[in-house]
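Residue numbers (the numbering used here), protein chains in the order written: chain A, 1 to 405; chain B, 406 to 693; chain C, 694 to 947; chain D, 948 to 1287.
These are computed hints drawn from the structure, not numbers from a lab. A virtual CB, placed ideally from N, CA and C, is assigned to each residue, including glycine.
Simulated DEER-style distance windows between Cβ atoms:
#1 K297(A) to N1108(D): 47 to 53 Å
#2 N566(B) to M881(C): 51 to 57 Å
#3 N1108(D) to R812(C): 42 to 48 Å
#4 K297(A) to R1234(D): 30 to 36 Å
Here are the simulated DSBU-like cross-link-like pairs (lysine-lysine), alpha carbons at most 35 Å apart as the crow flies:
#5 K197(A) to K1029(D)
#6 K700(C) to K888(C)
#7 K312(A) to K526(B)
#8 K123(A) to K1029(D)
#9 K173(A) to K526(B)
Footprint (simulated), chain A over chain B, 3 or more residues, beta carbon under 8 Å:
#10 526 to 532
#11 542 to 556
#12 612 to 626
#13 660 to 672
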Amino acid sequence: MKKWYSRATILAIVTLLGMSGIALGQPTVIKVGLPTVLSGPAAPWGQIGMDPYLAWIELFNKEGFKVGGKTYNFKLVTVDDKNTPEGGAAAAKQLIFGDGCKFLAGHWSWNFPAVAAVSNQAKVIFLTRTGNEAVPGGVYDPKKQPYTVFANPSHDQFISDLFALVEAFPNYKKIGILDCTIGKGIGWDYVEAELKKAGVRYHMEWFPFGTQDFTPYITRFKEAGSDIVYVAGWVGESMMFAKQRWAMGYKEMRVGHSGPFVDVNMYNAVCGLDAAQGFIGQYWANWDFNKTKVNPKYIAMCQEVMKIVSQKHGKPFAYSGWIGWGPSHLLILAQAMEKAGTVDDPEVIMKAIRGGTFDTTTGKWTMSGAKTYGSPVVFGTPSALSMIKGDKEVYLSEHPMKPLP
Amino acid sequence: MPPVGIWIDGLIQSCIYMTMAFGMVLVFSILGILNWTHGQFYMLGAFVVYYAVTAAGIPFPISILISAVVIGGLGILVEKFIIERVSVPSAQGALYVTVATIALIFFFEGTASMLFGMQDKGLAMVLPGVLNLGSFSVSYQKIAVVIFTLVIMITMYIVLNHTKVGLAIRAAAQEPVAASLYGVSVERLSLIVMGIGCALAAMAGSIMAPLYVVNPFIGGIPMIMSLLAIVIGGLGSLTGAIVGGIILGFLNSVVAYHLSYFSEVVLFLLVIIILLVRPQGLFGASLK
Amino acid sequence: MSYLELKNATKHFGKLAALEDIDLRVEEGEILGIVGPNGSGKTTLINIVSGYYRPTRGEIFFNGKKISGLRPDQIAARGIIRTFQSNVLYEGATVVESMLISSYQQYRTNHWQSFFETRAWKDENERVVGRVIELIKLLDLLNDTFLPAEGLSHGYQRMLGIAMAMIAKPSLLLLDEPTTGMNHEEAMFVVDKIKKISEQGVTVILIEHNMKVLLDVATRVVVLNFGNKIAEGRPEEVMNQQEVIEAYLGTETI
Amino acid sequence: MMPFLDYKNVVPKTVIGLLVALIVILPVFTTNVITLSIFISSGIWAIAAMGFTLVLRTGQFSLGQGAFMALGGYTSAILTVKLGMPFWPSFFLAGIVSGIVALLVGSVVLRVGGTYFSIITLALAEVVRIIAQQWEPVTRGTRGLITSPPDPIVLGGLEINFATSTVPYFYFTVCLVAITALIFWQIGESRLGRSFAGIALNPVLAEHQGMHLMRYRVIAFTVAGVFTGFAGCLYAHFLTVITPYMLGLWQSIQIMIMSIVGGISSLAGGPIIGAILLYTFGIYLSRLEIYGIQQLLFGAAVVLVLLFLPKGTGLVDLWERFWRKVVWREEEYEPDTPDD
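Here chain A stands alone, though its shape is the one from the complex:
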C-alpha cells in the first residue's frame, strides 16, 4: 500500500518537474513597439519594411536569445504615428501604456523628441535615428533622455554616402545636394562643416514640400556647375528630378538619393528606361559588401528573408533597406540584454549598450561612449552605394563610417 503512495508521489513529482521543464522550455515574448506610418503620403516607407521585419523576426525567434538560462522572443507591435510628432507621441503612449511594450524602435526623425519625451518618462528604451536633434547644437540632452539610443546616425550616414560617391567618381566637378525644406535644420550645418573639412565641393538647394516640377532647381544646379545631384531621401522627388533633368537634355548630370532602392522597375517606369540608368542609391544588401565584414549567419538569414518575402509577394523582392533598420535594432537589444543578464532593468541594459560592440546584420557596430552629438551612443555604418543598370541594381562603392572616438 505504502509503496503505491510513494510511487504515486514520485510519479506526481516527476510529472510536475516535467511540466515545469516544459514550462521552462517555453520562450518568453518581449514586445517591441514600432511607431510607424501606416497612413498618408509617407506610408509606403512604413509599408515596405513591415513584411521583411516580420519575416526576419520569425527566423530570429526560431532560436531567440537567452538571458539567465531563459529563452526570449521578440514580438513587433505597430501603431500608426501619422508621421507627425503628435501622432508619434500618441502612438508611443498607446504602445507603452496600452500594449505594455518595454522597448520602442522606429526611425521617423521628426517624431523623436515627442516620442522620446514619452518613452523616457516611462523608462522605456527607445532606439531611433539621430535625425536633426542629436547633432552638435541640437536639443538632445543625455541627462534628460537617458533611455534614448541612436541606432542610426542620419547625418553621418549622409556624409559617408557622399564620401562613397566621391570615391566612386573621383573627378567630379561639384556635388549638388537637394533636400525638402521640411528637412531643414541644424543637422545640415553639421553636414556642411564636415564636407568643408573633407574638402568636398558641393552646392545645396531646397525645394518646398509637394514640389513636382524641379526644372527651376535643375537649372540652378546646372548654373552652379554641379554634375552629381544627391537628393536627401525623397524617392519620388528624386525620380522626377532624374526624369526632368533628362527631358531638359542634361544627360551627363548624375542623380542619386540617400535612400535604398525600393524597386528598380518603379524607377524605370517613372523616369523612363534611359533616364533611370546610372541612378544612384543606398545599398544595404549585406551579402555584397566588400569593406564591411558581416556575420555569415546574418547574411544567410537576410537572404532567406528576401526569399520568403518574394514568395509572399509573388514577385522578386529587391528592397534591401530594411536590413539597416529593424534587425540591427533588435540585435542590439538582444545582445545588450544577454550582456546585461536582465530583460527588465533599463539602467543595466543601457549600461550594457553604452560602449558595447554589437554584431548586427550590417557589420560590427561599436556604440562608443564618445561625446559626439552629446549622445552616449554612436556607431559605424557601412555606406554602400549601388547604381541602376538595366533593371538591376549593381554595387557601386562603399565607405564604412569610422566608429567615432
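Put chains B, C and D on the given structure of chain A with help from the hints.
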C-alpha cells in the same frame, strides 16, 4: 532673365493649373460651391489612364478620353448622391458641402491607397524621347501636354459658346433662373456641370501622368494651386480662372528659379494681397 | 428745417440715372406716399435714404444732421428703419427669434450687462420681450409665434417684415410696397396697422403701387417718373394731374 | 439653418451636471495614461472647435483656426524655452497674443466675407506654417520647440506636479473646457448671440436694423482667437513639442469637421461631442494595420453623418431630439422646407 527652359516649364505648369482651375470655377459658378475634392478627381483620372495604358494597352490619347468619361461619371454620382443631399437651402448651405467634399478627400485617398497601393507609379513609356533644339531641349511629353490642353480648352470654348447646354451654363452662371429660359432645369444643369468639371480635373491628371509620378496623394498640390488660381482670377469668372492659372504657372517656376524655395511664401502673400486690394479677384464681378 | 430733407439727391448706375436731382422734405408725423411706375426710382430713393446705396450726388439731412454717406447701421441707429420690397427675413429663425434679433435697438444696457445678466438687463429684457409680444399681437402673428419665419404665408411674411421694422425702434419708417401680392382685405388690414403706427408718433414714408391704399392712408403724395419728381401734394389733387395719369396709364399698358 | 436655441434649454441642467461630474471623477476609476490623454486631447480640440463654431455663428467660416492654435503654442513655447519664463504667465500671454493677432487680421480680412474670407484665412494659416518652418533661430524650423510641462503648483500641503502624472493635465483641461463652454454659452444666450445670429442669417437686414457687421464679426473672431490660443498653448505643453506639422491646413480642417459633425446648433455641446467622438475614432483607427483604411473610414464616417442626420444638424441635435421626443414627449415641428 530666366533661360528658355524655365519659360517652357512655366507654360507646362500653366496648362495644368488652367485646366484644373477651369473645371473648378465652372462648378463654382453654377453650384455656388467649391469642390474641395477636385484634386482627388485629378488623382483618380491619372490612375485610370495609368491602368488603361499599362494594363489594357489602350493608346494614350484614347485613355485620356476614357478617364474623362469615367471620372466625369463619378463626379455626377458624387453630385447626385452626396452634394445635392448634403447642401442646405440656407446661408450656411455651402458649409456642409465644403465639409462633405473635404471628407471625400480622405475617402478617395484612402480608397486609392487600398485599391492601387501607395507605391509611386509612372507612365514614362508614353511618348518617350527628347526633341533637341540646340541651346535647350523639350521632351515630347511636354509638347503633348501643351497640345492636349489647347484641344481641351478649344473644345470647352465651343461647348460653352455654340451648344444649348453651354449657353444655358453661361446664362445660369450669370443668373440662376435664366437657365430655365433655355429649357434646362438647374438640377440637370448642375449634374452636367459637375460632370464636366470633374472630367476636366481627370484630363488634367491624365495629361500630367507621364510627366510626374502617379500615387494616391498627388491631388493635394494641384488642388490648392487651382484654388489660388481661381481666387486670383475671381471666383465665378471663367476667364479669371484661365488667367489666374497662367499667372500662377509662370510665377511658380520663375520665382522658384530666382528665389528657390521662397516661391511658396511669395505665392500665398500674393494671393492675400490681391484679395485685400481687390476682394473680387482680377476678373470677378464686384461684390455689391 | 424739416425732419428729413433730400437736396438734389442723385443716383446713377453707370449711364442709367435712377434718381435725378430729387428735392424732398418730409415733416414729422406725416405719412408720405411715394408712387410711380416700375423703375421710376421709388425703391432707389429708399435705398439711398437708408444708406444701402450712396447717392452719386446731393445730400440727405435727418433732424438737421447730414446722413448721406453713413453706413446703414449708423443711419438705422438714428431711427431710420426700412422694409424691403421682397420678403427679406432671417432664414431659419422663428417669428419670435426674428423679432428678438430685430429688437437690437430697443436696448440701452450694453453687452457686458447682458453677458453678466445684471438686474438692469433683466428688467430691460422683460420690457422688450413684452413689447415684442405686444407687436406680435398688434400684427396678429400670435399663433405663428414659434413657427419658422419662411414657413409663413406671403401676407404674414410682409406683416412680419413690418413688425421687425417696428421693433427696431423707428422714428422714420420707410415701407417699400408693404401690400404687394395681397388681396384687398389684407391690404386694408395693413393700411389700418400703418395708421396705428403713425398714431404712435412714427413718421412713415410709404412706397405704394395701389392707389386706393394711398388715397386712404397718405397725408401727402410724391409722384416719381424716370427718376424725376413730377408731382407733389395732397393725394386727391395729385391723382387728377394730367401727367400722373399718363404715367400711370402708360405703365398699365406695358 | 442655425436655430440659436441652445440645448441647455431642453436638457435639464442636472443631467448635464451629472455628465460633467462623471468626467470630473473619471481619474478615480482609472488613471490610465491613454484614457486620460484621449480626454485631454479631445478637450483641447473641443476648445478649438468651439472657437470655430463661434466664428461660424457670425456667418463666416475660417479655415485658419489651426494657425491660432499654433500661435498660442509657439508663443508660450518661445516664452518658456527661449526666454525662460514660467508656464502660467506665458499661458495667458499665449491667449492674448493670438487674440491680438485675431483682432488685427480680423479687422482687415473680415471686410471680405464669405468664401473669400475662408480662403484668405487658409492662405494666412499656410503663411504662418511656412514662417514657423523657415524662421530657424526662433522656431527651430521643423525640429520644433521642445517644451517642458507646467511648473508644479504647491497648494498648502499637496503639490500638483504635471511632470510626473497626467491627472493634473486632465483637470486643467476640464477646467479650461468648462470655462470656455460657459463663456461661449453665455455669449450665445446674451444679446451678442442674437446679433451674431442676425448678421449670420441675413447681413443686409441686420445692418439695416442697426447692427454693425464688422464689429460683431471681429468680436467673435477675436474671442475665438483667444481661446484657441489657450488650447494651442496647452497642446504644445501637453505634447512637450510643437512643430510646424501641427498647424498645417489639416489641423484647421480637423477643427472644422469636429465642429460640424458635432453640430453647430450648440456653441458648447456640439464641439465637445464632435471632438471627443472623432478624436477617439481616430485613435481607434490608428490601430488598424491596413494601409489607407484610416482615411477611407474617417472620410466615410463624416460623409455618412452629414448624409443621414437631418439637414443642418449634427450629433448634438440627436441628443437634443432624444430629450424632446423621448423624455419630454414633445411632438416636434418639422419645418416644411422643400427637400429638393
